[in-house]
Amino acid sequence: MEKVIKTIDKNHKPRLLLHSCCGPCSSAILERINEYFDIDVFYYNPNIDREEEFYRRAEEQVELVKNLGLDDEIQVQVIKYNHHEFLDYIKGFEKYREGGPRCFKCYRQRMERAAEFATENKYDYFTTTLSISPHKDSQILNKLGDFLSKEYNVKYLFSDFKKKNGFKRSVELTEKFNMYRQDYCGCEFSRSKD
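Numbering-wise, this note's numbering comes out as the position in the sequence shown, counting from 1, plus 6.
Just so you know, these hints were derived from the structure itself, not from any lab.
Hints should not be assumed to be uniformly reliable.
What the hints assert, rightly or not - Here are the simulated SDA-like pairs of lysine to any residue, each with C-alpha atoms no more than 25 Å apart in a straight line:
1. Lys19 x Leu76
2. Lys72 x Asp189
3. Lys161 x Met7
4. Lys169 x Gln145
Stated by the list, open to error - Here are the in silico distance ranges between beta carbons for each label pair:
5. Ile146 x Val177: 21 to 27 Å
6. Lys72 x Lys16: 19 to 25 Å
7. Glu57 x Asn17: 40 to 46 Å
8. Glu91 x Gln145: 40 to 46 Å
9. Glu8 x Lys149: 15 to 21 Å
10. Lys174 x Asp143: 15 to 21 Å
11. Asp78 x Lys169: 26 to 32 Å
12. Arg103 x Arg21: 36 to 42 Å
13. Lys72 x Arg21: 17 to 23 Å
14. Gly106 x Asp166: 18 to 24 Å
15. Lys16 x Glu58: 37 to 43 Å
For clarity, every value in this text was computed on a predicted model and none was experimentally measured.
Even glycine gets a Cβ: it sits at the ideal position worked out from N, Cα and C.
Taking the hints into account, I'd like the entire structure generated from these sequences.
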């Protein structure tokens with residue numbers, strides 16, 4: 007990512023589609039890269055098991071952009087909730103442990119939809135907030151992003167947003183803006199049993 011940023015002319019910022027899992031995870035990322043890219047946020051998360059939870063996170067995403075003072079610059083695209091789309095996609099992988107093959111399929115579903123949208127809407131780059139999580143392997147996400155970039159003919163912004171205290175900064179911004187920060191990734195399989 008740093009190599010790409012060094013080549014950018016801030017007067018001609020490339021368009022970046024940022025797939026976002028939630029506002030808290032996107033907070034430090036938007037703060038860090040907004041000056042280098044013309045960003046739109048792509049909120050596509052069919053993995054979230056409850057519709058209320060999906061829209062609560064979506065509202066937090068929109069509110070974050072306002073709190074950062076970027077609502078005149080950044081559009082948030084909220085893709086309609088459809089959990090059945092996720093369940094169909096991961097069918098047969100339900101019993102895998104958290105962080106295993108089911109999660110990789112989930113990453114692919116969301117990142118592929120972002121790559122497709124980026125291509126259709128002529129973005130220069132796409133990337134995802136997922137690498138900010140200490141629970142997500144950025145190497146796997148970057149390999150997937152690289153593969154999808156070739157398949158959809160759109161550049162992928164390689165990243166490991168947890169580096170340089172990215173995750174820590176996202177926690178600070180979440181507290182500063184009094185944001186809702188969920189305690190599970192999204193699907194019913196990742197949620198702790200009550």
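Exercise. Which of the listed hints are not met by the structure?
Worked result: 8
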